[in-house]
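*Asks:* Each chain, letter by letter, is given below.
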Amino acid sequence: MTTVMLVDDSATMLMSLKSILTKAGYSVETAEHGKQALDKLGKGVKPNLIISDVNMPQMDGITFVREARKAPGMRFTPMLMLTTESEQTKRTEAKSAGATGWLVKPVSPDQLLGVIKQVLPGA
Amino acid sequence: MNPLLAQFLAEAADLLTQVDEGLLQLERTPGDPEMVNEVFRAAHTFKGSSGLFDFPELTRLTHAAEDLLDAVRAGALPLDSGMTDDLLAAFDLIRGWLAHVTSNECLPATAGADAAALITRLRAPIGGEKVKVETTVAVARRDSAPAWLAYFDEEWLAETAAWLRTTSAQMRFIRYVPDSGCFFRAEDPLHLIRQVPALERLGLIEPVEWPEAADYDEYACMVAFVFAARAAVGEIDYLFRYVSDQIEVVDLDGDTIQRYLSGEAEADAAAPSEADEPGTVDTVRSSPSEPELVADARAILTAALRSLAINPTGHVHLVSVANAITAAAHALGDPVEIREPDVVALTATVTRLLGDTPPPEDAVSTAPIEPIPVDRGRADDPGGQVGSRILKVDQEKVDHLMELVGELNVAKNGLTFLAQAAEEEFGSRALSRRIKDQYSGLHRIAEELQASVMDIRMLPLSVAFSRFPRLVRDLSRRLGKNIELVLTGEDTMADKDVIEALGDPLVHLVRNSLDHGVETVDERLATGKPGTARITLAAVADGDAVVVEISDDGRGVDPTRVRRKAYEKGLISEEELETLSDSDAVDLVFRPGFSTAEQISDLSGRGVGMDAVRASVEKLGGAVTMRSELGSGTTVRLRLPLSMAVTQVMVFSVAGQRFGIPVDLVVETVRVPAAEMSRVLHQDVVVLRGEVVPVLDLARALDMPWTPDQTQDRAILIVGVNGQRVGLLVEQFHREVDVILKPMEGLLAYANEFSGTALLGDGLVLLVLNMKEVLGLAARVG
Amino acid sequence: MPLELGDTTATLTGVVTVDEVEELAAWLQATAKPRVNLRKCNHLHTGALQAMLRFRPKVSAAPTDAFLAGQVLPLLEGSGGEPTRQGSEPP
Numbered sequence: 001m002t003t004v005m006l007v008d009d010s011a012t013m014l015m016s017l018k019s020i021l022t023k024a025g026y027s028v029e030t031a032e033h034g035k036q037a038l039d040k041l042g043k044g045v046k047p048n049l050i051i052s053d054v055n056m057p058q059m060d061g062i063t064f065v066r067e068a069r070k071a072p073g074m075r076f077t078p079m080l081m082l083t084t085e086s087e088q089t090k091r092t093e094a095k096s097a098g099a100t101g102w103l104v105k106p107v108s109p110d111q112l113l114g115v116i117k118q119v120l121p122g123a
Numbered sequence: 001m002n003p004l005l006a007q008f009l010a011e012a013a014d015l016l017t018q019v020d021e022g023l024l025q026l027e028r029t030p031g032d033p034e035m036v037n038e039v040f041r042a043a044h045t046f047k048g049s050s051g052l053f054d055f056p057e058l059t060r061l062t063h064a065a066e067d068l069l070d071a072v073r074a075g076a077l078p079l080d081s082g083m084t085d086d087l088l089a090a091f092d093l094i095r096g097w098l099a100h101v102t103s104n105e106c107l108p109a110t111a112g113a114d115a116a117a118l119i120t121r122l123r124a125p126i127g128g129e130k131v132k133v134e135t136t137v138a139v140a141r142r143d144s145a146p147a148w149l150a151y152f153d154e155e156w157l158a159e160t161a162a163w164l165r166t167t168s169a170q171m172r173f174i175r176y177v178p179d180s181g182c183f184f185r186a187e188d189p190l191h192l193i194r195q196v197p198a199l200e201r202l203g204l205i206e207p208v209e210w211p212e213a214a215d216y217d218e219y220a221c222m223v224a225f226v227f228a229a230r231a232a233v234g235e236i237d238y239l240f241r242y243v244s245d246q247i248e249v250v251d252l253d254g255d256t257i258q259r260y261l262s263g264e265a266e267a268d269a270a271a272p273s274e275a276d277e278p279g280t281v282d283t284v285r286s287s288p289s290e291p292e293l294v295a296d297a298r299a300i301l302t303a304a305l306r307s308l309a310i311n312p313t314g315h316v317h318l319v320s321v322a323n324a325i326t327a328a329a330h331a332l333g334d335p336v337e338i339r340e341p342d343v344v345a346l347t348a349t350v351t352r353l354l355g356d357t358p359p360p361e362d363a364v365s366t367a368p369i370e371p372i373p374v375d376r377g378r379a380d381d382p383g384g385q386v387g388s389r390i391l392k393v394d395q396e397k398v399d400h401l402m403e404l405v406g407e408l409n410v411a412k413n414g415l416t417f418l419a420q421a422a423e424e425e426f427g428s429r430a431l432s433r434r435i436k437d438q439y440s441g442l443h444r445i446a447e448e449l450q451a452s453v454m455d456i457r458m459l460p461l462s463v464a465f466s467r468f469p470r471l472v473r474d475l476s477r478r479l480g481k482n483i484e485l486v487l488t489g490e491d492t493m494a495d496k497d498v499i500e501a502l503g504d505p506l507v508h509l510v511r512n513s514l515d516h517g518v519e520t521v522d523e524r525l526a527t528g529k530p531g532t533a534r535i536t537l538a539a540v541a542d543g544d545a546v547v548v549e550i551s552d553d554g555r556g557v558d559p560t561r562v563r564r565k566a567y568e569k570g571l572i573s574e575e576e577l578e579t580l581s582d583s584d585a586v587d588l589v590f591r592p593g594f595s596t597a598e599q600i601s602d603l604s605g606r607g608v609g610m611d612a613v614r615a616s617v618e619k620l621g622g623a624v625t626m627r628s629e630l631g632s633g634t635t636v637r638l639r640l641p642l643s644m645a646v647t648q649v650m651v652f653s654v655a656g657q658r659f660g661i662p663v664d665l666v667v668e669t670v671r672v673p674a675a676e677m678s679r680v681l682h683q684d685v686v687v688l689r690g691e692v693v694p695v696l697d698l699a700r701a702l703d704m705p706w707t708p709d710q711t712q713d714r715a716i717l718i719v720g721v722n723g724q725r726v727g728l729l730v731e732q733f734h735r736e737v738d739v740i741l742k743p744m745e746g747l748l749a750y751a752n753e754f755s756g757t758a759l760l761g762d763g764l765v766l767l768v769l770n771m772k773e774v775l776g777l778a779a780r781v782g
Numbered sequence: 001m002p003l004e005l006g007d008t009t010a011t012l013t014g015v016v017t018v019d020e021v022e023e024l025a026a027w028l029q030a031t032a033k034p035r036v037n038l039r040k041c042n043h044l045h046t047g048a049l050q051a052m053l054r055f056r057p058k059v060s061a062a063p064t065d066a067f068l069a070g071q072v073l074p075l076l077e078g079s080g081g082e083p084t085r086q087g088s089e090p091p
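Chains as they are written, first to last, in the UniProt record's numbering: chain A, 1 to 123; chain B, 1 to 782; chain C, 1 to 91.
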């Protein structure tokens with residue numbers, strides 16, 4: 001089963017993305033911020049895809065991606081950032097930190113599932 | 001209600017609280033980068049979540065607030081109090097909207113209009129609305145082929161050129177050069193190309209020289225691709241949006257390819273020029289014959305561009321814009337396909353169409369084209385409803401009115417000085433009396449005017465209370481406690497500034513109760529209490545003040561423990577440890593540096609203690625007291641003035657200089673013969689009706705040289721501070737005046753012994769004492 | 001199992017992801033006359049394609065996947081990515 005890890009400090013965002021993904025048959029792991037997500041990765045959670053917010057307390061999304069790339073088995077895992085239209089520079093930063101791409105909030109189910117298809121071969 | 005919306009509303013309450021707290025704190029300690037960041041993040045999260053619902057005004061308003069905060073965060077501009085006011089007003093408006101959403105699941109009909117002015121104000125410091133025209137992929141249409149055409153199979157190219165010439169068609173050619181580290185961003189270029197619709201041909205660019213087998217790094221991407229497709233620009237745009245800098249797109253017709261193949265045209269190795277000259281628009285497109293049609297289509301496209309910039313979100317909105325674009329493109333003879341309308345793709349499409357279509361010669365191209373009205377917020381706005389008796393007034397106007405009332409008060413106060421002058425300087429008691437009559441008439445009108453304006457500014461306390469049901473529910477869940485929240489007196493009215501300022505301390509106190517006051521269910525049952533605890537928020541008007549009580553039936557404050565902790569922290573002496581009464585001991589929790597929680601919890605925050613609550617309430621001219629009974633609960637009582645706008649101060653002078661003190665604090669003024677002053681334990685005291693009252697020499701406390709005339713009676717101002725009576729030795733009493741207290745600014749901002757300044761009728765600036773600090777100062781001076 | 005590595009023939013099945021690239025590259029490098037069976041392969045990660053381009057195995061069975069068969073296979077069988085001389089030989 002394909003597992004998607006969602007990292008966002010907004011419970012609303014987590015809830016909305018999770019419901020879309022669960023309905024589409026994905027297994028979902030959630031974390032409220034980068035540190036918690038890294039903890040989970042350290043404890044053997046192996047998502048096939050990570051979707052993370054940029055602005056979060058404790059550890060921001062870009063630092064998280066940079067760190068997550070170093071986690072075991074995460075070298076080639078697609079990682080997408082949740083951004084707003086105005087966060088152009090963040091996208092560039094995120095890419096150089098190892099992010100695959102980004103989603104623009106608000107994320108519609110079609111956009112979300114479409115991007116997963118795009119970045120996950122065989123999904 | 002849909003659970004996602006419910007979740008959003010719950011989260012919004014928390015976020016709004018954070019924003020408010022942060023903004024208020026920023027006003028106290030401007031420029032704290034951590035705090036700016038925190039407020040920004042809350043606004044940002046808010047905006048992100050708001051986009052999930054069809055609340056375009058909400059998204060736009062939070063977007064504006066976010067942009068402003070982002071500029072502040074980036075250090076581009078300092079946060080001034082005007083901006084803070086606008087931000088607070090924005091989030092106030094949002095809070096109101098959300099209350100409406102809670103009951104009606106939609107924004108109020110007036111939301112669009114309400115937001116518009118605020119958005120303009122929020123955007124003003126950052127130079128108005130940002131218009132972002134993002135073109136991810138520039139499609140060049142050109143009559144010379146790029147050199148990389150060589151990577152296609154030559155035979156296929158020849159066939160394609162022939163076909164395109166026969167059919168007067170063109171094809172899209174793309175070169176994609178992934179960077180060598182792309183695998184480590186989980187990119188798979190081949191997978192991306194596989195998804196290109198209507199892919200015609202793939203070509204490969206291999207490295208000029210492959211590394212030796214031993215040196216071969218299988219994770220470094222060394223290949224690149226060229227491909228030809230009939231995919232729409234939007235499709236290419238979408239698929240390659242994460243690697244838009246790595247692709248180059250050109251549209252070529254058969255002739256161009258043919259010229260390339262026959263070596264006629266010099267292959268153009270340079271990057272495609274950004275904007276081709278209008279003249280090079282290819283002949284393939286059936287050019288629309290009627291200039292009017294072109295003008296109309298351009299108008300629609302221009303409007304669409306404006307509309308996308310103004311309102312970049314909302315699926316319904318985007319679909320309608322997309323339809324308009326499709327229609328316009330069709331009219332221009334350049335049909336476009338828009339599958340999943342998103343703002344970036346639409347903007348790019350419109351920009352391309354506009355760039356490709358020169359305005360028709362005979363069209364009046366200089367005339368600005370009015371955008372299609374897109375403000376959907378007004379669709380259900382009753383607008384000029386006949387017979388409506390409720391006026392909606394911009395808060396700014398009310399604030400301005402309030403300021404004018406204040407000025408009027410100051411001018412009015414000037415008359416009393418004039419009366420005094422008439423009597424003392426010109427010796428005309430009659431004139432003085434007439435002036436005083438005029439004054440009292442004016443005074444009455446001014447008072448009524450002030451009362452009416454104050455009334456406009458009044459809001460029910462439910463505004464401050466509304467966030468708590470959700471907050472308590474969520475926090476109690478997180479803590480595993482059962483809590484019933486009881487709200488009473490929500491319809492008690494107070495000035496909007498007071499309500500605003502109340503938020504910060506209230507949240508802290510309620511969180512404190514939840515976190516430290518209320519026991520877990522098991523603990524409660526073990527002590528014979530019902531498992532469900534009760535937290536009560538009660539408001540009641542009390543004359544010129546509003547009293548808010550936060551009480552719980554939790555474990556209460558243990559005076560013994562408090563005494564010991566205070567002693568350990570050096571806050572009280574050994575003697576006090578023995579003698580301090582229980583109620584006085586409870587009061588110790590308000591001392592700076594005292595924190596009852598053994599460990600800082602994430603609920604009550606980092607090191608912000610009860611002292612901060614007391615400080616912020618006292619800054620508003622209020623008072624906090626706490627009553628607690630061990631084992632049965634705690635009650636914290638906040639007493640705040642109903643209004644913060646106008647303060648009555650008593651004016652007096654010390655060492656020849658005038659000062660003010662809030663009238664609320666003044667118990668009485670007495671004159672005592674110098675001989676009746678006595679000294680007890682190095683402290684001047686005066687005995688009033690059998691009570692010994694300590695007397696402070698204010699001149700000495702404020703470090704001003706003054707020796708009282710030994711033959712004159714002592715003028716002593718008796719004030720009540722923290723339930724104690726203290727006498728202040730002053731030089732002379734003057735009158736009571738109504739003033740608008742302004743916070744201390746500039747060099748005096750750190751002079752804690754003053755709570756603010758006020759302009760007097762005779763133009764003098766009056767310093768108003770912060771009694772608590774003055775008493776502390778006096779104690780240190782000794 | 002996307003990768004089945006025999007003495008001379010590797011059979012690639014389903015989606016060959018980046019996770020298989022290292023193993024495949026190592027096998028291609030170590031095998032004298034490598035052959036690759038792509039019949040049941042549905043997708044090749046760019047890294048896998050690149051390794052095959054570098055070590056030039058013989059494709060023993062063509063893929064049935066349309067994209068691989070139509071667009072990628074010619075690249076593997078072609079003369080390599082040498083650019084055709086532009087305009088040198090008019091068609």
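Think of the hints as simulated: they come from the structure by calculation, not from any bench.
Just so you know, not all the hints are guaranteed correct.
To be verified - Which stretches of chain A does chain B cover? Using the computed rule of at least three CB atoms under 8 Å from a CB of chain B, they are:
id	segment
1	8-20
2	24-36
3	100-114
Backbone N, C-alpha and C fix where the C-beta goes; we use that ideal spot for every residue, glycine too.
*Asks:* Hint by hint, say whether it matches the structure.
*Replies:* Going through the hints against the structure:
With a threshold of 8 Å between beta carbons, the proposed coverage of the segment 8-20 of chain A by chain B holds, since 8 of its residues qualify and at least three are required. Counting residues of the segment 24-36 of chain A whose C-beta lies closer than 8 Å to any C-beta of chain B gives 0; at least three are required, and the coverage claim is violated. As drawn, the segment 100-114 of chain A meets chain B at 10 residues by the rule of a beta-carbon pair under 8 Å; at three or more, the given contact holds.
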